[in-house]
Amino acid sequence: MHDDAAKRLRERMAAERVEVPAELVDLIVAAAGPMIGALDDLAALPLDDLEPFVPARRLPDDAP
Amino acid sequence: MTVGLVELSVAELRETLRTRRASAVEVLAAHVAAVRERDVRVHAFVQLADDAHAAARAADAALRDGTAGPLAGIPVAVKDLFAVRGLVRGNGSPACAHDPPAERDAAAVARLRAAGAVVFGTTHMHELAFGPTGVNPALGTPANPWGEGRVPGGSSSGSGAAVAARLAPAALGSDTGGSIRIPASFCGVTGLKPTYGRVSRGGMTPLAWSLDHAGPIARTVEDVALLLQALAGHDPADPTSARVPVPDYTAALGRSARGLRVGVPRAFTAAPIDPEVGRAFDAALATLAAEGAVVRDVSIPSLAYAGAMLGATILAESASGLGPLLARAGDGPSVELRVYLELGKVVTARHYVAAQRLRTRLYDEVSTALATTDVLAMPATILPAPRVGELSVRLDGADVGVLDAICRTTGPFNLTGLPALALPCGTTGGGLPIGLQLVGRAFAEADVLAAGQAYQRATDWHRARPPL
Numbered sequence: 001m002h003d004d005a006a007k008r009l010r011e012r013m014a015a016e017r018v019e020v021p022a023e024l025v026d027l028i029v030a031a032a033g034p035m036i037g038a039l040d041d042l043a044a045l046p047l048d049d050l051e052p053f054v055p056a057r058r059l060p061d062d063a064p
Numbered sequence: 001m002t003v004g005l006v007e008l009s010v011a012e013l014r015e016t017l018r019t020r021r022a023s024a025v026e027v028l029a030a031h032v033a034a035v036r037e038r039d040v041r042v043h044a045f046v047q048l049a050d051d052a053h054a055a056a057r058a059a060d061a062a063l064r065d066g067t068a069g070p071l072a073g074i075p076v077a078v079k080d081l082f083a084v085r086g087l088v089r090g091n092g093s094p095a096c097a098h099d100p101p102a103e104r105d106a107a108a109v110a111r112l113r114a115a116g117a118v119v120f121g122t123t124h125m126h127e128l129a130f131g132p133t134g135v136n137p138a139l140g141t142p143a144n145p146w147g148e149g150r151v152p153g154g155s156s157s158g159s160g161a162a163v164a165a166r167l168a169p170a171a172l173g174s175d176t177g178g179s180i181r182i183p184a185s186f187c188g189v190t191g192l193k194p195t196y197g198r199v200s201r202g203g204m205t206p207l208a209w210s211l212d213h214a215g216p217i218a219r220t221v222e223d224v225a226l227l228l229q230a231l232a233g234h235d236p237a238d239p240t241s242a243r244v245p246v247p248d249y250t251a252a253l254g255r256s257a258r259g260l261r262v263g264v265p266r267a268f269t270a271a272p273i274d275p276e277v278g279r280a281f282d283a284a285l286a287t288l289a290a291e292g293a294v295v296r297d298v299s300i301p302s303l304a305y306a307g308a309m310l311g312a313t314i315l316a317e318s319a320s321g322l323g324p325l326l327a328r329a330g331d332g333p334s335v336e337l338r339v340y341l342e343l344g345k346v347v348t349a350r351h352y353v354a355a356q357r358l359r360t361r362l363y364d365e366v367s368t369a370l371a372t373t374d375v376l377a378m379p380a381t382i383l384p385a386p387r388v389g390e391l392s393v394r395l396d397g398a399d400v401g402v403l404d405a406i407c408r409t410t411g412p413f414n415l416t417g418l419p420a421l422a423l424p425c426g427t428t429g430g431g432l433p434i435g436l437q438l439v440g441r442a443f444a445e446a447d448v449l450a451a452g453q454a455y456q457r458a459t460d461w462h463r464a465r466p467p468l
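So the protein sequences, as listed, match chains G and D.
According to the working numbering, the first sequence is numbered sequentially starting from 1.
According to the working numbering, the second sequence is numbered sequentially starting from 1.
Excised from the complex, chain D in its bound form (with noise of 0.2 Å):
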């Protein structure tokens, strides 16, 4: 049964508890154990939590009196730049090593707590969450499970290998230019960017005030769906928290693809694109249409200038929020961080305040786009995961940046704040990951999800195991 357990979805995971097939206690011990005997190889934990018992234990006590929440007894890893009371919140740089430990909890932490989610370890990302390859030189890479010497994708890389392993069911991770999408696109597990202000940020290490956002990582849409039910909602001590009222998501799982209308940005997806990638999107679209769903072509013409704006924004931004961190830190960030933070000297106060106009822009065409559309359809990432240390990859003939070709198709919807959910949608003749991306209006998380779990009731890439 241990070994089982760590196969299970929240969603089975939730039913095996409330039937007394398995104790939290148990869950836990499954999920201890198989980090203690394969993290090895993984490297996706910073470290497990030593409270993690006793709130199984509460788990288990509230099942059996009926008072247990949503994801009682549920085991969910956090990446290391949340708040995780008496932890060391590390933020995957040598830099913050030796902090004080967490007095308490981010928000969206005590949320998954207040849930019943047994919070049981702190997971590896790229070094203050800026980039999206998850290669941490200084305290260790996550593996890519499904691929030797690729990328996990990051910068939530710990939250995804952890997933996509079987070492957790469920991860929190943080998204500024597509930190939850593109390890979920790489390690073939789902996550969900939601809406800006639809969860909040409190004590969670900002990278980029206006591009920020926390969502959560699983291995299926329902799972996703029950994790942003707990972590949904106004929080008055974060002030871009939206007062928004929270809906049913999981009620909305059961809505069928039959009229749903999905739109292609195809001037923008069509390239540059790994082919097998560009395979696999049109594959999923046919799936979706098979499914009783609309697919027609939509224009955005401001996405031709989504990688500037997200450039401009990130390197300014981080250059003001980081830099203090930078000054105290001495000799403790990576070369990479302090080479990124440095760059945003050439982002100018014109630059800046050019992007900011033009993301409304921006966010103007992706409104009129969905106004006559439910999601916008488009592959998650261009290219599966390339390998640790490649700068550069060939696509449709050029030469593309890794940098800029991995975060082409997410980065736009954090400058719009709009919610995104990536999820698997094939393989490479290689074995790797391909994710498909579905982006909705503001606060329609349920619309979203609702569409994913069409299309992963219609196919079974969700359900693949990797090798590692």
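If we strip away everything but chain G, and leave its shape as in the complex, we get (with noise of 0.2 Å):
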């Protein structure tokens, strides 16, 4: 991972005021550091008029 998105990801952290063992940030910035770095990527995306999936009412109506 990349020194700025884990900075990013440290900042974040602080901020939301997350409460993990100061040993253990480490560790989660190596881990969940590039999945949680891509969710500003993910809420940037156009999405244009794309409504949220509902799985128990979208499958069924595609069920053969």
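Careful: at least some of the hints might be erroneous.
Selected chain G positions facing chain D (in silico; Cβ < 8 Å) [to be verified]:
{"hint": "1", "residue": "I36"}
{"hint": "2", "residue": "A43"}
{"hint": "3", "residue": "L47"}
Chain D is faced by these chain G residues, among others (derived, beta-carbon under 10 Å) [claimed, not checked]:
{"hint": "4", "residue": "A22"}
{"hint": "5", "residue": "L24"}
{"hint": "6", "residue": "A30"}
{"hint": "7", "residue": "A31"}
{"hint": "8", "residue": "A38"}
{"hint": "9", "residue": "D41"}
{"hint": "10", "residue": "A44"}
{"hint": "11", "residue": "R58"}
{"hint": "12", "residue": "D61"}
{"hint": "13", "residue": "D62"}
Treat the hints as calculated values from the structure; they're not laboratory data.
Ideal Cβ positions, reconstructed from N, Cα and C, are used throughout, including at glycine.
Once you've looked at the hints, go ahead and assemble the two chains, each given alone in its own frame, into the complex.
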């Protein structure tokens, strides 16, 4: 994980008052950093008129 | 005969019981003896059920008088997040160890019993199903029967290890990001995540409502089909359960692979990937093609965001669902689980809603690919079982986080809810299993099982026996 992405994750954890043991922060950044870093990319995507996916509604509609 | 009974598949045990070559009591005794003798090393089981012997006797009576159900006398193990009457539902967590025994069965367990299965024990798991390795420092990590020091895969770790190690012919698992298919892939067995809503989740501890599924693990596709036949169907007590007719799954198993259209999302499966897994996957495609399947590439661009979609959904939904448990459990839950639930705080409403909207796009893209193919194929996991404690792996010259890597090809089908089957398709030079994943249209489990059965007719990977 790039240093700037790790720094952003640390800042976000601090801002949201994520309470984790200090000795685990490096481990969390390494293990979950890339996924959490991608959340902002997700929210920035153009999603047009897409509605949220509701599997219990959508899947039975498509049953054979 | 007793030792031989634990080597038999569900289908073979059915025939053995039908022809009275062994009784259900003898079949149960053989599996209980195997657990007592070898589970010291495998560590798959949490507890054995006291009422299993009575259930086996009842199965024998039903077999004698012609009223036996389709799974009469078949021992089945159950992941420890399903309620099993009379047993504590431990959820893989010290936080639940002192809960009272369940007063009634989970819906899936009740269906297995109604089909005559003998529910004979509960299996270890990743704590509260929140993790794909199966590592559980508090209650113990099941061994991977194929490799000392390798994770069994999770979260249905004990179910996968028990079936692979011949301690149970079949087991019930749950799957939120791959928790049936990952242990199936790492332990060299066959596991099915059915369509969302196909199998009731009543009485199953939730992790993330929109991603959770229940399904079977066994050694062959035929066995998985037999279990699904018993498990599938509408449950009015589960609001997510679908009112969709249940077909005859075993009837589909005779289909040839001739003309089967197999789509490969090549841009997604090409990299990063362990080279031995990549070669085994290519060989599996070649086998299907040799059997008459038509293999072609398909494009599903939103798979690139599947990891973030899955993370946003699991972290947000589990923080909401498991937060109260954490609050009442004091110091019971592990540090790992607390960290995951704390990380839910970094997922904002904007992230969560974006993930749910993008799931619609992913579903539409997968459905488009499946409009011109019968199944999609990809590796069940892009790597063989990593070592216990390994945090990252080197794939295609890059360091990849183990958790992301393990869930890479399974998670997308929790996001879409489509049926996905994991089955063995090779081993590494070091002897670790490699898994193939086949994915189908909504409620088209029969197509997925037929394709998997055609593959298992042509190969012997599912017959391989681990050293442990």
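ask   = Can we keep the G:A30 interface hint, with Cβ of chain D closer than 10 Å?
value = 6 Å, holds
key: Restraint satisfaction for G:A31 [CB to CB of chain D, less than 10 Å]   = 5 Å, holds
task = Hold the hint about G:L47 up to the distance rule: shortest CB distance to chain D must be less than 8 Å.
result = 5 Å, holds
ask   = Do the numbers back the hint for G:A44, that is, is its least Cβ distance to chain D under 10 Å?
value = 8 Å, holds
task = Let me know if the C-beta of G:D62 comes in closer than 10 Å to any C-beta of chain D, holds or violated.
result = This interface hint holds because 4 Å falls under the 10 Å limit.
message = Given a cut of 10 Å on the nearest C-beta pair, is the interface hint for G:D41 held or broken against chain D?
response = 7 Å, holds
inquiry  = Just to be careful: measuring from the Cβ of G:L24 to every Cβ in chain D, is the smallest value less than 10 Å?
reply    = It holds, given that the least Cβ distance between G:L24 and chain D is near 6 Å, below 10 Å.
ask   = Holds or violated: is the Cβ of G:A43 closer than 8 Å to a Cβ in chain D?
value = 4 Å, holds
query = Quick one, is the G:D61 hint okay against chain D at 10 Å, beta carbons?
reply = Check passed: Cβ of G:D61 comes within 8 Å of chain D, closer than 10 Å.
inquiry  = So, as I understand it, the hint says G:A38 touches chain D; can you test that by seeing if any CB pair is closer than 10 Å?
reply    = OK, holds: G:A38 within 10 Å of chain D, min 4 Å.
request  = With chain D as the partner, please determine if G:I36 meets the hint condition of a C-beta pair closer than 8 Å.
outcome  = 6 Å, holds
query = Do the numbers back the hint for G:R58, that is, is its least Cβ distance to chain D under 10 Å?
reply = 7 Å, holds
Comparing the model with each earlier hint shows a violation of hint 4 alone; every other hint is respected.
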